Amino acid sequence: MKRIMVDAQNCKGCKNCSIACMQSHRKDNPGGFHSLDLADPANESRNLILLNGNDEYKPLFCRHCAQPECVKACMSGAMEKDSKTGYVRHNAAKCASCFMCVMSCPYGVIKPDRATNSYIVKCDFCQQDGDDPCCVKACRSGAIYVKEVQQ
Amino acid sequence: MKFSCSSCTSADKKMECFVADLSVETSFHRVESQEVKCGFGAQGVCCRLCSNGPCRITPNSPRGICGANSDQIVVRNFLRAVAAGSGCYIHVVENTARNLKNTAQAKGQLKGLAALERLANILGIGGDDAYQKAINIADAILADLYKPAFEPMELVEKLAYAPRYKRWEELGILPHGAKSEVFNGVVKTSTNLNSDPVEMLLHCLRLGISTGLYGLQLTNFLNDILLGEPEIRMAPVGLRVINPDYINIMITGHQHSIFAHLQDMLTQPDVVEKAKAAGAKGFKLVGCTCVGQDLQLRGAHYTEVFDGHAGNNYISEAVLATGGIDAVLSEFNCTLPGIETVCDQLQIKQICLDSIAKKANAQLMQFDFAQRDKISNDIIDAIIDAYKTRRGNIKMNLLPDHGNDQTLTGVSETSLKSFLGDTWQPLIELIAAGQIKGLAGVVGCSNLTAGGHDVLTVELTKELIAKDILVLSAGCSSGGIENCGLMMPEAAELAGPKLKAVCKQLGIPPVLNFGPCLAIGRLEIVAAEVAEALGVDIPQLPLVVSAPQWLEEQALADGAFALALGLPLHLGLPPFITGSNVAVQVLCEDMKSLTGGQVLINADAAESAKMLDEIIIQKRKALNLPTEA
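Just so you know, the protein sequences line up as chains A and B, in that order. The opening residue of the first sequence carries number 20 in the working numbering; numbering runs sequentially from there. The opening residue of the second sequence carries number -6 in the working numbering; numbering runs sequentially from there.
No wet-lab data here; the hints were simulated from the structure. As the structure is a computational prediction, the values presented were derived from the model and not from experiment. Be aware that a few hints might be false.
Quick list of simulated restraints, FRET-style, between CB atoms [claimed, not checked]:
id, chain 1, residue 1, chain 2, residue 2, range
1, B, G46, A, P60, 16 to 24 Å
2, A, P131, B, E621, 37 to 45 Å
3, A, P131, B, E607, 43 to 51 Å
4, A, A61, B, G427, 41 to 49 Å
5, B, V179, A, M122, 50 to 58 Å
6, B, R56, A, K113, 33 to 41 Å
7, A, A134, B, E522, 52 to 60 Å
8, B, E28, A, N73, 26 to 34 Å
9, B, A123, A, G50, 43 to 51 Å
With a straight-line Cα cutoff of 27 Å, these simulated BS3-like cross-link-like pairs (lysine-lysine) come out [claimed, not checked]:
id, chain 1, residue 1, chain 2, residue 2
10, B, K30, A, K31
11, B, K30, A, K21
12, A, K141, B, K30
For glycine and all other residues, C-beta sits at the position ideal for the given N, C-alpha and C.
Between the sequences and the hints, there should be enough to build the whole structure, so can you do that?
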């Protein structure tokens, strides 16, 4: 099973991971990232970089946890841990938008969408690409990487 | 040792293989490690104008801390780049005018007296003899360059095509002192000054006009007077031009007149004797970057000292890696920082003639006209020393089958018109009859990111000629196109049936080689003269411009001139503007009603050619010229 691992010491705060995530999940016609509307909330990123109290970068990514609090908190069954891949998947069709997953995520990375506040925005490991997630491919500093783990 | 298992691709396959096997690191090897680009920088929405920054635009932060939105951030960055690019060309014309004036004052040789007469007539400047005329012309140009920001330049109206001048006057974009316009561009874009993106974009057009008329067109005129006019001929190109029997000097830059004196000295018998005493047959200049193109263009006058043009900016490291080069003589861009490590490894002497472009490894021998004999002698001695030290120690890695021997060169607004019988009528008739569907200027630089080295340039050129569009090239684009063989008469086979017939009849290739980026100014004179002969304005011509692999800020200033002239301008990669809706709207759409021009951005050769072809067909229709169904 693959997990995104974070080595915050290597983060340079360039936000390439955020742009890559926005590009990967953009809703308008796909084009090169030159045409990505950086100001459109519909293109918001699923990851983010914050600063900790010591002015150090704190990259925040969905960890697809072994014991996912979001899955435990989900009453509708929309949030599931895939036993084969290990990914924590969100099924929008089942989601009641109660946002208990948002409340329970220990990393604070699951969020309601910014534009309408009506649905969940969460990392899907770029599964449609079948490759490493786009954020990892875009990271030049080695702050995030994919690791095979036993669960 | 190989540096990377994946080196950059090139349209020039021999070059690609050569570079991939090199034991020195080149730009080609560094592309992969710089593959991922910062999206904020790429879209132009990263602002570092104050200590609150860098600020970047995201859905959560649509404005910088100061309140600047994406339009303001993008256009400030863009105007800064255009101003810097304009400054580069204005520096070139300033030095060239000073060199002409100094040469005339010293009653030195003026090799292009016909060009002197033509320019004197255009500018309405007289003088008792040729020297005085040259001095008066240089003085008039320098006086214009140094005018303040509140005084218009006087030669603009004389140099510009009248309908264009009128339109520029209506738009309020006639340039004032060229240096002051650069200054104002920098000041406007400093912290918390101008926040009006449209006003700043109009300033870009003003910089485009001063760049085009002075930095490009006048530099060509002055060089033609000083160094001799281009003559159409066949010449060798590529790495084959390096002959290890000689002491070889690779030249890079844009200011040919700075080493005019040295160039003439290198063939003096006593200097050749010095070379022979060191074990060589003599000295040769090996062309690289635009100044090599400029020398190639005038090569008919320099057959003894100049063997040919090796290649464009991103070939320079490979040229040095052959081991056959003993010294690099640089005076401006595009002298890549990457050549310095190659020079270190291969014991190549670097000499810089203009402190503006001082290279870290180079010995600065600042050109000073009064000291020209001493400087040239010092340069010759330093290079002979380097030759003696390195030859024998350094292994040769030549590529004698690279390039070709039959590239048509020496095309200028004057030599082309003369070739056509001193009139544009034959060209106009071919266009009118549809034998030539239209003209495309494929100009600008080479980069390694629009598909690879020269890839988009060469592919787009092939697509255009296949559509019976005659391509005129100037800049590092020419270096790539010629090394790929498209400037040989045989390349007519790749053209569409009508253009092919024209090429075969005239014995010309389907791509005409105007030489350096400075010669973009020559293309624009061709455009103005053809428009005048037809009695139309430039935007009405079936003419498009593409800088498919534009690289640098100078190219953006050139591009601003193309837009001011009202030409459709294609770019392979966006110039860091796509983060601003206003910039995209003004440059790609509103420009049509301002000047008649427009920016088109597309990185795909076939799609880009189709877009440009459609524009040419529309323009033909508007002129009531026949178009195919």
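Hints versus structure:
Hint check: B:G46 to A:P60, Cβ distance near 23 Å, so the stated range 16 to 24 Å holds. The supplied range of 37 to 45 Å is broken by A:P131 and B:E621, whose beta-carbon atoms lie about 57 Å from each other. A hinted range of 43 to 51 Å holds for the C-beta pair A:P131 and B:E607, which are about 45 Å apart. Distance hint for A:A61 and B:G427: a CB-CB separation of about 48 Å, consistent with the stated range 41 to 49 Å.
At about 51 Å, the beta-carbon gap between B:V179 and A:M122 stays in the expected band of 50 to 58 Å. The hinted window of 33 to 41 Å between B:R56 and A:K113 holds, with their beta carbons roughly 38 Å apart. Taking the beta carbon of each, A:A134 and B:E522 are about 55 Å apart, inside 52 to 60 Å as hinted. Restraint check, B:E28 to A:N73: a C-beta distance of roughly 32 Å satisfies the suggested window 26 to 34 Å.
Between B:A123 and A:G50 the CB atoms are about 57 Å apart, so this pair departs from the stated range of 43 to 51 Å. Between the alpha carbons of B:K30 and A:K31 the distance comes to roughly 14 Å, so the proposed pair stays at or under 27 Å and holds. At most 27 Å may separate the alpha-carbon atoms for a hinted pair to count; B:K30 and A:K21 meet this at roughly 26 Å. A threshold of 27 Å between alpha carbons decides the hint, and for A:K141 with B:K30 the separation of about 24 Å falls inside it, so the pair holds.
Hints 2 and 9 from the earlier list are contradicted by this structure; the remaining hints agree with it.
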